[in-house]
Amino acid sequence: MDNSQKRILMAKTGLDGHWRGPTIVARALRDAGFEVIMIGMASTDDIVRAAVDEDVDLVGLNIGGHINVALRAVNSVQEARPGLPLFAGGTVPPHAMKQLQALGVEVFPPGSQLAAIVESAERLTHRSS
Amino acid sequence: MLVSVSQEVTGLIDRALCGERSALARLLSKIEREHSSDVAQLLLGENLGQAHILGVTGPPGAGKSSLINSLLPIARQHFDRIAVLAIDPSSPFSHGALLGDRVRMQGDSLDDSVFIRSMASRGDTGGLARAAFGAITAFDACGWPLIIIETLGIGQVELDIVNVADTVLVVLNPGWGDVFQANKAGITESGNVFAINKCDRPGADKTRQELEESLRLLHADQCPRIVETVATSDRGADDLWQVLLEHQHALQAGGHLEETRADKRRQLFRKLMVNQLIAKLDSALASGESEPLLADMMAGVISIDDAVHRLLQIGQRSGHS
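Residue numbers (the working numbering), protein chains in the order written: chain G, 1 to 129; chain R, 1 to 321.
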């Protein structure tokens with residue numbers, strides 16, 4: 001087994017209880033050879049700490065609840081780990097999608113194909129070191 | 001190449017030793033990805049061996065992560081900083097992994113005094129990950145006084161943790177096997193302390209009884225303690241921590257710590273040596289050089305024993321991989 005596996009943090013923002021989406025995405029990423037670190041429902045502080053301590057190559061956010069919580073999480077992660085790519089999914093309304101994209105976050109609204117998410121993860125994790 | 005690697009890694013080590021969290025995190029990635037031996041070598045000059053190392057092992061789903069989570073706030077009263085290395089299995093097919101231990105460790109008690117790192121086993125068969133040894137060295141060098149290592153869910157023999165940890169906590173559940181399971185080699189021999197977690201479920205008494213019997217046969221005098229816990233409601237966590245602490249104190253007070261560590265280090269050395277040898281032989285086997293050999297074996301021109309012998313020679317010639 002080589003040691004080139006990329007590491008992805010998967011977190012849920014907000015107070016939403018749906019696990020199926022992130023679980024299915026995590027499985028697809030695992031099957032594509034990624035190491036997926038799940039932290040479940042997490043505060044912004046928890047997400048930032050995990051992104052730093054786990055030295056992940058990518059952060060995936062499952063967005064449920066208020067968009068401001070997600071935007072705060074994105075900002076804080078970008079502050080703590082400049083240049084670290086993020087992508088997001090979940091029930092993201094169109095206006096929120098634009099706000100996230102403006103921050104450089106790739107967004108996968110309901111109906112997105114798993115293959116497209118995996119492709120995005122592969123593209124985003126080609127960091128140099 | 002070694003020079004440039006060392007420069008970058010040396011920089012990271014300097015920053016990590018000064019307490020820079022992100023540098024330690026990146027150093028752990030370096031250890032995992034490519035430069036395990038370089039980093040370990042560079043850390044040798046540091047003040048190693050100061051950390052107490054607590055291993056937590058047991059079958060999948062026994063509640064290892066949850067139990068660590070309920071121990072963390074209590075342990076924090078004795079150790080100002082705690083590192084947790086949580087290992088989960090890699091898929092042998094995709095080489096990917098779902099690292100879910102952290103989901104159970106999201107209590108209010110978490111702050112910057114706790115550093116949790118998830119690690120995939122990446123093909124290691126001893127219940128840990130190959131990079132685990134380097135990661136422990138890094139935490140130790142950076143002055144983390146307590147390092148908790150959670151193995152992946154083990155069956156009976158994935159017990160490298162025994163040669164890494166000062167104290168081994170084995171987590172079991174009510175209904176775990178029977179007296180014959182308890183007497184099989186492996187799990188019962190490896191623990192210094194046992195937790196019967198989810199003890200609110202039926203069968204806790206019977207499991208304790210059978211475990212006690214088995215342990216009494218193994219240990220003439222100092223029988224390992226058994227504590228009943230319910231990790232999800234923190235029940236028994238205080239008692240468990242006390243028992244773990246007593247084991248640590250007994251090790252130190254008895255003056256056996258250095259001796260025990262030296263024995264373990266020797267075992268670990270042998271294990272790592274065997275691992276390297278296997279990797280080397282695997283790569284010899286995958287190389288073109290072994291093709292004619294395999295063809296001859298398949299065709300019945302040479303015996304399987306002879307083929308093995310010749311492959312070993314190829315492995316020796318190929319130098320380090």
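It should be emphasised that the hints constitute simulated quantities derived from the structure, not laboratory data.
Hints may contain errors.
[Claimed, not checked] Facing chain G, according to a computed beta carbon distance under 7 Å, are these residues of chain R, among others: (1) Cys18; (2) Ser22; (3) His95; (4) Ala97; (5) Leu98; (6) Arg102; (7) Ser113; (8) Ser118; (9) Gln156; (10) Gly203; (11) Ala204; (12) Met297; (13) Ala299; (14) Ile302.
[Unchecked claim] Calculated from the model, a selection of chain G residues having no Cβ within reach of chain R, i.e. all distances over 10 Å: (15) Gln5; (16) Gly40; (17) His66; (18) Asn75; (19) Phe108; (20) Pro110.
The structure displayed is predicted, hence computed values, not measured ones.
No residue lacks a Cβ here, since even glycine has one placed at the ideal position from N, Cα and C.
Going down the list of hints, with the structure as the test:
Contact between Cys18(R) and chain G, as hinted, is not supported at the beta carbon level, the nearest pair being about 16 Å apart and thus beyond 7 Å. The interface hint given for Ser22(R) is met, as the beta carbon of that residue sits about 5 Å from the closest beta carbon of chain G, less than 7 Å. Hint status for His95(R): holds, given a least beta-carbon distance of 5 Å to chain G, under 7 Å. Using the Cβ-Cβ criterion of 7 Å, the hint placing Ala97(R) at the interface with chain G is satisfied: the shortest such distance is roughly 5 Å.
Residue-level restraint check for Leu98(R) holds (minimum Cβ-Cβ distance to chain G is 5 Å; threshold 7 Å). Because the smallest distance between the Cβ of Arg102(R) and any Cβ of chain G comes to about 5 Å, under 7 Å, the interface hint for this residue holds. Taking 7 Å as the C-beta cut-off, the interface hint given for Ser113(R) is violated, the closest approach to chain G being about 11 Å. The beta carbon of Ser118(R) comes within 5 Å of a beta carbon in chain G, closer than 7 Å, and the hint placing it at the interface holds.
Of the supplied interface hints, the one on Gln156(R) is violated, with its beta-carbon coming no nearer than about 23 Å to a beta-carbon of chain G, more than 7 Å. A least Cβ separation of about 30 Å between Gly203(R) and chain G goes past the 7 Å threshold, and the interface hint is therefore violated. Violation of the interface hint for Ala204(R) is found here, the shortest Cβ-Cβ separation to chain G being roughly 28 Å, above the 7 Å cut-off. Here the hint on Met297(R) is broken, as its CB sits about 26 Å from the closest CB of chain G, past 7 Å.
The beta carbon of Ala299(R) is not positioned within 7 Å of any beta carbon in chain G (closest approach about 31 Å), and the interface hint is therefore violated. At a threshold of 7 Å, the smallest CB-CB gap from Ile302(R) to chain G is about 30 Å, leaving the interface hint violated. Under the 10 Å C-beta cut-off, the non-interface status given to Gln5(G) relative to chain R is violated; the minimum distance is some 6 Å. Listed as outside the interface, Gly40(G) is inconsistent with that label: its C-beta sits roughly 4 Å from the nearest C-beta of chain R, within the 10 Å cut-off.
Every CB of chain R is more than 10 Å from the CB of His66(G) (nearest about 20 Å), matching its label as outside the interface. Under the 10 Å C-beta cut-off, the non-interface status given to Asn75(G) relative to chain R holds; the minimum distance is some 17 Å. Residue placement check: Phe108(G) keeps its beta carbon more than 10 Å from all beta carbons of chain R (closest about 19 Å). Every CB of chain R is more than 10 Å from the CB of Pro110(G) (nearest about 23 Å), matching its label as outside the interface.
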